[in-house]
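Colleague: Sequence lines, in order, name chains A and B.
All residue numbers for the first sequence refer to this note's numbering, where the first residue is 1 and numbers rise by one.
All residue numbers for the second sequence refer to this note's numbering, where the first residue is 230 and numbers rise by one.
One or more of the hints may lead you astray.
As the list claims (entries may be wrong) - Beta-carbon label-pair distances, calculated as ranges:
| id | chain 1 | residue 1 | chain 2 | residue 2 | range |
| --- | --- | --- | --- | --- | --- |
| 1 | A | G142 | B | Y260 | 57 to 65 Å |
| 2 | B | L410 | A | G224 | 44 to 52 Å |
| 3 | B | K381 | A | E107 | 45 to 53 Å |
Since the hints were made in silico from the structure, they are not lab data.
Beta carbons: idealized from backbone N, C-alpha and C, even for Gly.
Each chain, letter by letter, is given below.
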Amino acid sequence: MTHTHHRRGTRESLQKDYVVLAMIDPAVKAQHVYGGPLEARVKRLLKILGKHDPVALAARTPGRRLRYLKGWKPRMDSGIHRGATVRDIVTCEDIEGIGHAVYTSKEAVEAVLRKVKEADLGISIVVSGVFDEVFDICKKVGIEPHTVNMSLGTWGKTQLLPKSPILELCTMCGHAMISSRLVEAVLDRVKKGALTPEEAAVELGKQCTCNIFNTIRAAEIIRGGVSGN
Amino acid sequence: MKIDEEKCVGCGSCIVYCPISAIKTSDKQVYIDQDRCVECAVCLKSGACKQGALYQPELEWPRILRSQFSDPLVPHPSTNIMGRGTAEMKTNDVTGRFREGEVGFAIEMGRPGISTSFADVEKVALALAGKVEFESLNPVTVLLDTRTGRLKDSAVRKERVLSAIIECKTTEDKGIEVLNLLKKVAEEVDTVFSLCVINRCRNYEAPFKKKMEDAGFVPRINGKTNVGLGRPLA
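Hey, can you work out the whole structure from these sequences and the hints?
Modeller: Laid out in structure tokens, this is it:
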């Protein structure tokens, strides 16, 4: 599960894209008992994540994932994809497992990490984003990065990959649930005026069932792609 | 995934949702190329088919691997983790899976969005065997004879998945040798792979980064940072 990794784009674009992910390793029981019942700690964490204007927020309940994505309106629900509100998620009683959120600003991530540090939840937290920005946040919050996962990009038959901006949009779902043909189709509909860039971003983001898609950044990329910039 | 021909009206609405273009048309009939389909169920989940013609048949070994490795909502039976089935460095502050002086590699075959056969997964595993320690809590590792890198069941070789992560580690002094091996085998595979390099931090630095850069392997500006808030700390 390296699904928040290998996101592509310019530095300027990636500086508006941070994923904060919380995880409990099923193989390590000790972490489950640290600081009280896990469910209560996950709920506290979700409240913190939800408070700082996330673009996306997700949590798991028995049999369902609760997914908030900025710009997702109830009329956009389709198939198994159902949007939730931030309130739905932070007030849900039967949360199980872990959560994650996407932010567009460094300040929001700093505020989140400060609160999570104070809460001392014992849950592993991973931040995906531009390294020097994330390290700078860590310094400000007074925490030391423990481990990094660096990307050496894509190797092998790279001629098979779609071109920019399709690749930037597809790689915001690390499990590759967003097909390059769907991206082409929504870009075409935006060009024809049948969708706004924001609606197109939600149509793409819905396919990312883990809900780590950044609809604000995607709308910017779509706007640039359609205007040829 | 299959299409109920009785229900399908041939509208083709499902086609654009398939990440690997396995849904095709022939003489106004829409069909799924079963060799290419990785059983990710993106088409079904999208709700694109208003006729309810798409359906997921029960999968048996070894085809069931396609679903386990391609659909992030299906947990891997070997690790009980969804997605691609591994926690890698995300919980390293608690597990200590990667220790100081070690370097980890996650070679995600087929990513981004191209897909891979297990024959190609095996090619890379064969190249790495004997040079690295394969991660035991990983769904690819359980399919391998880790001594040789060969698949335990040759019937798995023909299966295709959206992606599969070979996860392993070695010491920092042997890390560049592993990267050179991967560079060579990258020319032999019929797909792509995305390459992660995992390293413990010391004083806000990843020591292996400098070694990589000196050897001509320059990491991208963005990646993942475990910020060390897990407890108890390993």
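Colleague: Please test the hint of 44 to 52 Å on the beta carbon pair from L410 (chain B) and G224 (chain A).
Modeller: violated (38 Å)
Colleague: Between K381 (chain B) and E107 (chain A), is the Cβ distance one that fits in 45 to 53 Å?
Modeller: holds (50 Å)
Colleague: Could you see if the CB distance from G142 (chain A) to Y260 (chain B) stays within 57 to 65 Å?
Modeller: At roughly 58 Å between Cβ atoms, Y260 (chain B) and G142 (chain A) fall inside 57 to 65 Å, so the hint holds.
In summary, the one numbered hint that this structure violates is 2.
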